[in-house]
Amino acid sequence: MRPHLRVWLGTALLVIAGTVWASPVYQFSTPERSQRFARITAELRCLVCQGESVADSNADLARDIRDKVAELIRQGKSDKAVINYMVDRYGDFILFRPPLNPLTYVLWIGPFVLLGGGVLGVLRIAALRRRRLAEPAAEADAEARARIHRMLYEDNNR
Amino acid sequence: MKRYIIPLVVFVALAVALGVGLTLNPSLVPSPLIGKAAPAFRASELYDPGRTVTVADLRGRVVAVNVWASWCTACLDEHPIVTELSKALPIYGLNYRDRREKAKQWLHDFGNPFQAVMFDPKGRIGMDWGVYGVPETYILDASGTIRYKHIGAITQQVLDKDILPRVRALQGETRS
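Heads up: the sequence lines are chains P and S, in that order. Here the numbering used here is used: the first residue of the first sequence is 1, the next is one more, and so on. Here the numbering used here is used: the first residue of the second sequence is 1, the next is one more, and so on.
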């Protein structure tokens, strides 16, 4: 094998091995529980590396939360109970999808309201333009025609 | 002129809302425990492993709980301020995800302002209290209810403006 190819292959293998090392596998008694674990940890935000989910993050806190979620699932707790456990301690912010309650109405509905307002604004402007273009500009017409006539036929004869 | 009013108003409203948003810090997660009883725990005391510290020990007067670790540099930064705070009220330390010997060494090197230190090597107590970074400081009233949480190192300004006034107000509550 060419030396360069060997280096690339070795690097690729190391990277793949590294990703496996970084994520310890959580064992569950049923595949359904594994799926629930994957789904719940993907919905919880890592508070240390914000933007990452607890499933993806390498932070210690994320690992602690994953361990706890696994422990609760193995105890037979429902999805809702697991989520509530975390929200009780860390607040709504730990959820990627904030719950729909009076406090978060602005967050959820706001963008649609703004979008609706923008669309209405555009329609109004378009309608106004259409109306203005359709108006016969009678006076301007006659004046313009007279000036054009003068420019074409009279100025040239000077 | 009139047709410029609406877009202008909308723009100003948006600019104000978004401008305020820019000044907020998204890494400060508000605690859902404010106003609730401090979560129960049973912890081994750092210096006296056989002694158990529980949440009942925190009741009866206004106290602070300071979450710290020997590996946390910001905890070292705030240490003089925490020491100053310990003159105003008793502070209990929650030693988070640390090693007993390292924690004791840290207190030996820099001073121990704590009434007692709860040893939480796995962070289990921390998780019940919603700790997500160190340092964090909780203020509890005499009934053991969490009344305030500060996330991050306490600066002189935070101490003077946010923490000491609250502590004094709570201590006034206790007396009345």
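No wet-lab data here; the hints were simulated from the structure. Ideal Cβ positions, reconstructed from N, Cα and C, are used throughout, including at glycine. Just to be clear, a hint being listed does not mean it is correct.
Claimed, not checked - Where chain P lies over chain S, by a calculated footprint (3+ residues, C-beta under 8 Å): (1) 27-34; (2) 125-133.
Unchecked claim - Calculated cross-link-like contacts (lysine-lysine; reagent style BS3-like; alpha-carbon spacing at most 25 Å): (3) S:K36 x S:K104; (4) S:K104 x S:K87; (5) P:K68 x P:K80; (6) P:K77 x S:K122; (7) S:K161 x P:K68; (8) P:K68 x S:K149; (9) S:K149 x S:K36; (10) S:K87 x S:K161; (11) S:K122 x S:K104; (12) S:K87 x P:K68; (13) P:K80 x S:K104; (14) P:K77 x S:K36; (15) S:K161 x S:K36.
What the hints assert, rightly or not - Partial chain P-side listing against chain S, Cβ under 7 Å, derived: (16) E43; (17) I83; (18) R89; (19) Y90; (20) G91; (21) F93; (22) L95.
Verification of the hints:
Figure legend: the stretch 27-34 of chain S, annotated as covered by chain P; annotation consistent (6 residues with Cβ-Cβ distances under 8 Å, at least 3 required). For the stretch 125-133 of chain S, the proposed coverage by chain P is satisfied: 6 residues have a C-beta within less than 8 Å of a C-beta in that chain, meeting the threshold of three. A threshold of 25 Å between alpha carbons decides the hint, and for K36 (chain S) with K104 (chain S) the separation of about 31 Å lies outside it, so the pair is violated. A hinted pair counts as satisfied when its Cα atoms are at most 25 Å apart, and K104 (chain S) with K87 (chain S) qualifies at roughly 21 Å.
A distance of roughly 14 Å separates the Cα atoms of K68 (chain P) and K80 (chain P); the hinted pair therefore holds under the 25 Å criterion. Restraint check for K77 (chain P) and K122 (chain S): satisfied, since their Cα atoms lie roughly 22 Å apart, inside the 25 Å limit. Proximity of K161 (chain S) to K68 (chain P) is assessed by CA-CA distance (about 37 Å); at most 25 Å being required, the pair is judged violated. The hinted pair formed by K68 (chain P) and K149 (chain S) meets the criterion: a straight-line CA distance of about 24 Å does not exceed 25 Å.
In summary, the hint linking K149 (chain S) to K36 (chain S) is supported, as the alpha carbons are separated by about 12 Å, within the 25 Å threshold. This hinted pair checks out: K87 (chain S) and K161 (chain S) have alpha carbons roughly 16 Å apart, not beyond 25 Å. With a CA separation close to 17 Å, the supplied pair K122 (chain S) and K104 (chain S) stays within the 25 Å bound. At most 25 Å may separate the alpha-carbon atoms for a hinted pair to count; K87 (chain S) and K68 (chain P) exceed this at roughly 37 Å.
Between the alpha carbons of K80 (chain P) and K104 (chain S) the distance comes to roughly 41 Å, so the proposed pair goes past 25 Å and is violated. For a cut-off of 25 Å, the pair hint linking K77 (chain P) to K36 (chain S) stands: about 24 Å separates their Cα positions. For the suggested pair K161 (chain S) and K36 (chain S), the alpha carbons sit about 23 Å apart, so the restraint of at most 25 Å is met. Nearest Cβ of chain S to the Cβ of E43 (chain P): about 16 Å, over the 7 Å cut. The hint is violated.
Because the closest C-beta pair between I83 (chain P) and chain S is about 13 Å apart, greater than 7 Å, the hint is violated. For R89 (chain P), the shortest C-beta to C-beta distance to chain S is roughly 4 Å, which falls under 7 Å, so the interface hint holds. A hinted interface residue such as Y90 (chain P) counts as satisfied when its beta carbon comes closer than 7 Å to some beta carbon of chain S; here the least separation is about 5 Å, so the hint holds. A hinted interface residue such as G91 (chain P) counts as satisfied when its beta carbon comes closer than 7 Å to some beta carbon of chain S; here the least separation is about 4 Å, so the hint holds.
With a least beta-carbon distance of about 5 Å to chain S, the hint placing F93 (chain P) at the interface is held under the 7 Å criterion. The beta carbon of L95 (chain P) is not positioned within 7 Å of any beta carbon in chain S (closest approach about 12 Å), and the interface hint is therefore violated.
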